[in-house]
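Take these sequences, add in the hints, and give me the full structure.
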Amino acid sequence: KAGVTQTPRYLIKTRGQQVTLSCSPISGHRSVSWYQQTPGQGLQFLFEYFSETQRNKGNFPGRFSGRQFSNSRSEMNVSTLELGDSALYLCASSLDRRSPLHFGNGTRLTVT
Amino acid sequence: SQELEQSPQSLIVQEGKNLTINCTSSKTLYGLYWYKQKYGEGLIFLMMLQKGGEEKSHEKITAKLDEKKQQSSLHITASQPSHAGIYLCGADGDTDKLIFGTGTRLQVFP
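So the sequence lines, in the order shown, correspond to chains A and B. Quick note on numbering: this note's numbering labels position 30 of the first sequence as 40, and the sequence is numbered without any gaps. Quick note on numbering: this note's numbering labels position 94 of the second sequence as 142, and the sequence is numbered without any gaps.
Just to be clear, a hint being listed does not mean it is correct.
[Stated by the list, open to error] Distance ranges between label pairs, derived from CB positions: (1) A:37 - B:99: 27 to 35 angstroms; (2) B:158 - A:77: 45 to 53 angstroms; (3) A:77 - B:88: 25 to 33 angstroms; (4) B:128 - A:28: 19 to 27 angstroms; (5) B:88 - A:79: 23 to 31 angstroms; (6) A:120 - B:110: 34 to 42 angstroms; (7) B:110 - A:79: 38 to 46 angstroms; (8) A:54 - B:55: 36 to 44 angstroms.
[As the list claims (entries may be wrong)] Listed next, the stretches of chain B that the computed footprint assigns to chain A, with coverage defined by at least 3 CB atoms under 8 angstroms from CB atoms of chain A: (9) 54 to 62; (10) 88 to 96.
Hints are computed from structural coordinates only; laboratory data are not their basis. Every residue, glycine too, gets a C-beta built ideally from N, C-alpha and C.
In structure tokens form, the structure reads like this:
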């Protein structure tokens, strides 16, 4: 079974631009969560989607948004990029809330 | 809000030595997960613990959840270079989202 796939693996953007990250969950998984990982803050929860509905949201500004499609694939968008948005963005999928999360290899975003 | 504290933050051990990583929660744990991360990559699921006193093992790694369900430990027996990485504990937080500890960086030298 294929794992969680995130694209692209690396991105370099300049301040003020916007970016879209993509995540394909494990086949059959309907829950997709996004996390931001930085050296200073560690792993911070962004949001969770289940069956195309946002079920939970972390403490991030409105510049961070996401969505989930009917095939469970998910996208995350960050608008008006800031230097502090440079991070590893991780997507994880699970069968349901009581199942462990399975992570992709992440997208490393660098904002210059 | 619930917080997870891991200790130590960093560990350097010689190959073949045993080691223990701890994860302490500010609130009762209802689901505790251990993950391993190689630098710059995603997290690999190791084990999940749910019941007080529960213990699980996989190869040379054993994880325990204490009876009070506020602390978990991860023990590696006869460490190998392949065990090197960052170990993170995760728990079901207050608002149903999975929160993570700050991580323990493990280095194993020959």
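These are the hints, each one checked on the structure:
Remark: the range hint 27 to 35 angstroms for residue 37 of chain A to residue 99 of chain B is upheld by a beta-carbon distance near 30 angstroms. Range check, residue 158 of chain B to residue 77 of chain A: Cβ separation about 48 angstroms, and the 45 to 53 angstroms hint holds. Checked against the given bound of 25 to 33 angstroms, the beta carbons of residue 77 of chain A and residue 88 of chain B, roughly 26 angstroms apart, stay inside it. The hint said 19 to 27 angstroms for the Cβ distance between residue 128 of chain B and residue 28 of chain A, and at roughly 44 angstroms that hint is violated.
In this structure, residue 88 of chain B and residue 79 of chain A meet the distance hint of 23 to 31 angstroms, their C-beta atoms being roughly 27 angstroms apart. For residue 120 of chain A and residue 110 of chain B, the hinted distance range of 34 to 42 angstroms is satisfied, since their beta carbons lie about 38 angstroms from each other. At roughly 40 angstroms, the beta-carbon separation of residue 110 of chain B and residue 79 of chain A lies within the given 38 to 46 angstroms, and the hint holds. For the pair residue 54 of chain A and residue 55 of chain B, the beta carbons lie near 20 angstroms from each other, so the given range of 36 to 44 angstroms is not met.
Look at the stretch 54 to 62 of chain B against chain A: 0 of its residues bring a Cβ nearer than 8 angstroms to a Cβ of that chain, fewer than three, so the hint is violated. Counting residues of the stretch 88 to 96 of chain B whose CB falls under 8 angstroms from any CB of chain A gives 7; the rule of at least 3 is met.
Of the hints listed earlier, those the structure fails to meet are numbers 4, 8 and 9, in rising order.
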